[in-house]
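Peer 1: Sequences and hints are given; from them, build the entire structure.
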Amino acid sequence: MHMFEAIDLARFQFAFVVSFHIIFPAFTIGLASYLAVLEALWLWKKDDRYLKLFNYWLKIFAIAFGMGVVSGIVMSYQFGTNWSVFSDKTGPVLGPLMGYEVLSAFFLEAGFLGIMLFGMNKVGKKLHFFATLMVAFGTFFSAFWILSVNSWMHTPAGFSINDVGQFVPENWIEIIFNPSFPYRLTHMLMAAYLTTAFVVGAVGAWHLLKNNKNLCARTMLSMAMWMAAVVAPLQLIAGDMHGLNTLEYQPAKIAAIEGHYETKKGAPLILFGIPDDEAMEINSIVEIPKLGSMILKHDFDAEIKGLKDFPADEIPPAEIIFWSFRIMVGIGMAMIALGLWSLFLRWKDKFYSTKLFHIVCMIMGPAGFIAVIAGWITTEVGRQPFTVYGMLKTIDSVSPIDAPAVATSLLVFIVTYFLVFGAGTYYIFKQFSINPDIDKDQTKKVGSLGVSLKLFDKA
Amino acid sequence: MSIELIWAIILCFAIFAYVVLDGFDLGIGINYPFISSKWERDIAMNTVAPIWDGNETWLILGGGGLFAAFPLAYSVVLPALYVPLTAMLIGLILRGVAFEFRWKDKSKTQIWDKAFIIGSITATFFQGVALGAFLQGIPIEGRSFNGDWWHWLTPFSIFTGIALIFGYGLLGSTWLIYKTENKTKRHMQFLGKRFFILTLVMILIVSLWTPYLHPEYFHKWFSYPRILYVLPVPLLVLIATVFCFRALIKNYDFQPFLWSIVLFLLSFIGLMISIYPNIVPPGLDIWQAAAPKKSLQFLLIGVLIFIPIIIAYTSFTYWVFRGKTKPNESYH
Numbered sequence: 008m009h010m011f012e013a014i015d016l017a018r019f020q021f022a023f024v025v026s027f028h029i030i031f032p033a034f035t036i037g038l039a040s041y042l043a044v045l046e047a048l049w050l051w052k053k054d055d056r057y058l059k060l061f062n063y064w065l066k067i068f069a070i071a072f073g074m075g076v077v078s079g080i081v082m083s084y085q086f087g088t089n090w091s092v093f094s095d096k097t098g099p100v101l102g103p104l105m106g107y108e109v110l111s112a113f114f115l116e117a118g119f120l121g122i123m124l125f126g127m128n129k130v131g132k133k134l135h136f137f138a139t140l141m142v143a144f145g146t147f148f149s150a151f152w153i154l155s156v157n158s159w160m161h162t163p164a165g166f167s168i169n170d171v172g173q174f175v176p177e178n179w180i181e182i183i184f185n186p187s188f189p190y191r192l193t194h195m196l197m198a199a200y201l202t203t204a205f206v207v208g209a210v211g212a213w214h215l216l217k218n219n220k221n222l223c224a225r226t227m228l229s230m231a232m233w234m235a236a237v238v239a240p241l242q243l244i245a246g247d248m249h250g251l252n253t254l255e256y257q258p259a260k261i262a263a264i265e266g267h268y269e270t271k272k273g274a275p276l277i278l279f280g281i282p283d284d285e286a287m288e289i290n291s292i293v294e295i296p297k298l299g300s301m302i303l304k305h306d307f308d309a310e311i312k313g314l315k316d317f318p319a320d321e322i323p324p325a326e327i328i329f330w331s332f333r334i335m336v337g338i339g340m341a342m343i344a345l346g347l348w349s350l351f352l353r354w355k356d357k358f359y360s361t362k363l364f365h366i367v368c369m370i371m372g373p374a375g376f377i378a379v380i381a382g383w384i385t386t387e388v389g390r391q392p393f394t395v396y397g398m399l400k401t402i403d404s405v406s407p408i409d410a411p412a413v414a415t416s417l418l419v420f421i422v423t424y425f426l427v428f429g430a431g432t433y434y435i436f437k438q439f440s441i442n443p444d445i446d447k448d449q450t451k452k453v454g455s456l457g458v459s460l461k462l463f464d465k466a
Numbered sequence: 009m010s011i012e013l014i015w016a017i018i019l020c021f022a023i024f025a026y027v028v029l030d031g032f033d034l035g036i037g038i039n040y041p042f043i044s045s046k047w048e049r050d051i052a053m054n055t056v057a058p059i060w061d062g063n064e065t066w067l068i069l070g071g072g073g074l075f076a077a078f079p080l081a082y083s084v085v086l087p088a089l090y091v092p093l094t095a096m097l098i099g100l101i102l103r104g105v106a107f108e109f110r111w112k113d114k115s116k117t118q119i120w121d122k123a124f125i126i127g128s129i130t131a132t133f134f135q136g137v138a139l140g141a142f143l144q145g146i147p148i149e150g151r152s153f154n155g156d157w158w159h160w161l162t163p164f165s166i167f168t169g170i171a172l173i174f175g176y177g178l179l180g181s182t183w184l185i186y187k188t189e190n191k192t193k194r195h196m197q198f199l200g201k202r203f204f205i206l207t208l209v210m211i212l213i214v215s216l217w218t219p220y221l222h223p224e225y226f227h228k229w230f231s232y233p234r235i236l237y238v239l240p241v242p243l244l245v246l247i248a249t250v251f252c253f254r255a256l257i258k259n260y261d262f263q264p265f266l267w268s269i270v271l272f273l274l275s276f277i278g279l280m281i282s283i284y285p286n287i288v289p290p291g292l293d294i295w296q297a298a299a300p301k302k303s304l305q306f307l308l309i310g311v312l313i314f315i316p317i318i319i320a321y322t323s324f325t326y327w328v329f330r331g332k333t334k335p336n337e338s339y340h
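Chains P and B supply the protein sequences, listed in that same order. Counting in the working numbering, the first sequence runs from 8 upward without gaps. Counting in the working numbering, the second sequence runs from 9 upward without gaps.
Worth flagging that the hints you see were computed from the coordinates, not collected in a lab. For glycine and all other residues, C-beta sits at the position ideal for the given N, C-alpha and C. It is possible that part of the hints are untrue.
[To be verified] Pair by pair, the computed Cβ-Cβ distance ranges are:
1. Glu181(P) with Gly155(B): 37 to 43 Å
2. Ile370(P) with Lys116(B): 25 to 31 Å
3. Trp158(B) with Glu177(P): 40 to 46 Å
Peer 2: Written out as structure tokens, the structure reads:
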């Protein structure tokens with residue numbers, strides 16, 4: 008029987024806890040902004056529909072945020088427990104960036120979350136809105152710093168190496184705004200907004216299928232689909248620019264994504280194929296001639312370097328990221344298509360009456376999460392066999408921990424995460440199933456703010 | 009004062025802030041088994057519901073700060089404490105999600121209350137174990153932890169684990185004395201007195217045990233003239249004990265909590281005296297483990313700007329939710 012080595016277990020554990028974790032921030036970054044928009048619309052238009060939607064999504068936000076926090080604390084300890092050599096070497100550069108994340112983001116979110124959840128009756132509307140904004144800013148700052156950290160691992164810059172092998176900061180601006188950071192940040196923020204939009208849209212569509220006249224559900228679906236129609240195409244552009252940046256700094260990752268083992272002039276765009284890393288070849292290809300060179304180098308005859316021309320111990324596994332990339336892009340294309348369809352239906356005035364459209368919106372509800380995870384697998388597995396690209400190998404980053412210890416912790420994490428986050432997901436779905444347009448009788452009566460505020464107290 | 013020392017002080021501040029703030033949060037979970045009515049449990053939970061998340065953020069600052077300022081210490085201590093820290097994290101997950109989940113399904117409240125209790129006690133116990141294992145010393149070879157994955161497990165570390173359960177129990181019950189009224193408050197006063205006595209016994213035993221862990225610790229506390237410098241610590245503990253006892257007997261509102269914090273502070277100072285100038289006992293000192301000056305300076309700017317702001321808005325949140333927590337103060 009093949010025994011897993013400590014490093015395999017540590018890698019799997021990291022992949023597991025980080026994949027679970029990213030689900031929550033990907034959702035809460037977008038949801039915090041959505042809540043801020045809803046509350047702003049409520050304050051501005053004085054329409055109680057927005058308050059109802061705010062309260063509705065606030066409860067979901069609370070559950071998702073709580074799970075994001077506890078799974079995030081695990082992350083902040085993973086670096087040290089399982090990747091201690093990495094921590095020792097990169098701490099001087101990455102530590103302060105994470106420190107700024109804690110100081111500027113985590114405290115801000117946590118500090119104002121209490122007021123956002125419990126404080127409406129205590130601080131008044133304006134201050135409450137301020138708290139909501141702070142939470143939303145917090146999620147943004149958090150994304151800013153942690154993506155800077157992650158980007159530096161892909162495109163390290165602004166450092167030197169000292170005599171004990173640590174990365175030492177030389178230029179903080181170069182470190183923070185390292186070459187891949189602006190692209191990654193844009194790409195991820197848009198991904199978070201899209202993820203949230205498709206969840207909101209799916210919930211709206213679900214309630215419209217139950218009752219086509221539900222005003223809150225209509226607002227949800229409409230807002231979500233505007234987001235999809237505008238941001239999904241922009242995301243395609245951002246993704247393309249991110250890809251070009253990767254080609255410049257991590258050409259091996261691009262070669263693996265594209266399934267290019269051989270260096271070719273006028274390389275094709277391989278739509279489908281079965282990559283084989285052992286034999287270093289790709290089979291059953293469906294390809295478009297020369298389009299690969301066109302997309303990557305904007306020239307039909309440009310040369311694209313294949314995996315065979317990189318050192319054999321410095322290339323990522325095409326067998327994984329060839330697929331994960333296609334899943335991500337496929338979902339992106341489906342999002343764009345759905346956005347276009349929504350525009351067409353609005354134009355024909357059938358946006359709220361086309362059942363098939365609503366069903367498709369529901370099916371697309373989890374699409375953002377799948378795309379986010381597929382995208383992260385692509386970029387992180389594509390960085391292998393390095394943790395700090397070109398500088399520090401994964402195998403040289405791991406803690407000196409015995410395999411049984413890591414195997415045990417991995418098992419415990421898996422069991423706990425499935426139980427706890429399974430329950431959380433169930434509660435979120437339970438919340439989804441509640442009609443957002445709660446208490447219709449009250450809706451008619453609610454004219455004054457006082458009555459509507461009582462919705463906060465509803466158990 | 010060197011920037012390395014400033015950073016050691018900042019970390020001490022973050023860790024102490026964590027111990028006190030999450031200490032009373034976790035302490036509520038430790039008191040939970042003795043609070044049986046659902047109504048009282050709801051109130052107890054709601055006294056911290058708006059603030060627990062902020063309290064726990066100090067733990068991330070402690071971990072993140074150690075990573076940034078003393079990466080070598082971070083990369084030695086965390087693998088050495090692999091098991092207790094993993095168990096602590098699992099505990100924190102269980103009780104963290106209970107804050108929301110227990111309201112979501114009336115038939116499952118009991119289950120999540122159990123998760124809250126087990127999670128709080130597990131997290132507390134293993135924090136105490138981690139502290140004990142840390143005090144005992146962590147063997148280092150080159151730039152790595154050099155020991156097996158059960159190195160942390162000793163009678164002393166188990167004992168400090170139990171001690172912390174009583175200590176956080178005291179913080180939790182005195183916090184609830186401060187935040188509740190009537191029957192619940194009387195109930196917490198009863199529990200507070202018991203946790204107070206247990207905590208005192210534990211402080212005494214750990215204080216007497218620690219110097220015998222290492223000749224160096226013994227030297228710091230009992231050699232002349234050092235004993236003159238460190239003597240105020242046990243004397244102040246004695247004074248705080250008297251005041252805390254008095255506050256509990258006289259059924260004061262806020263003072264039991266305040267004096268419990270003072271007891272924690274003095275114990276914490278005692279620990280710092282034992283460990284200094286090391287950051288990882290027995291052999292890694294603050295200067296050896298520190299990150300390069302450029303790293304320390306860059307994040308120090310952030311600390312100087314953000315910590316006052318954080319303290320300001322955290323205080324504001326506490327002020328918003330000041331006074332006794334009333335039933336049904338929840339958005340659920």
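Peer 1: Does each hint hold? Answer for all of them.
Peer 2: Consistency of the hints with the structure:
{"no.": "1", "hint": "Glu181(P) with Gly155(B): 37 to 43 Å", "in the structure": "holds (39 Å)"}
{"no.": "2", "hint": "Ile370(P) with Lys116(B): 25 to 31 Å", "in the structure": "holds (30 Å)"}
{"no.": "3", "hint": "Trp158(B) with Glu177(P): 40 to 46 Å", "in the structure": "holds (41 Å)"}
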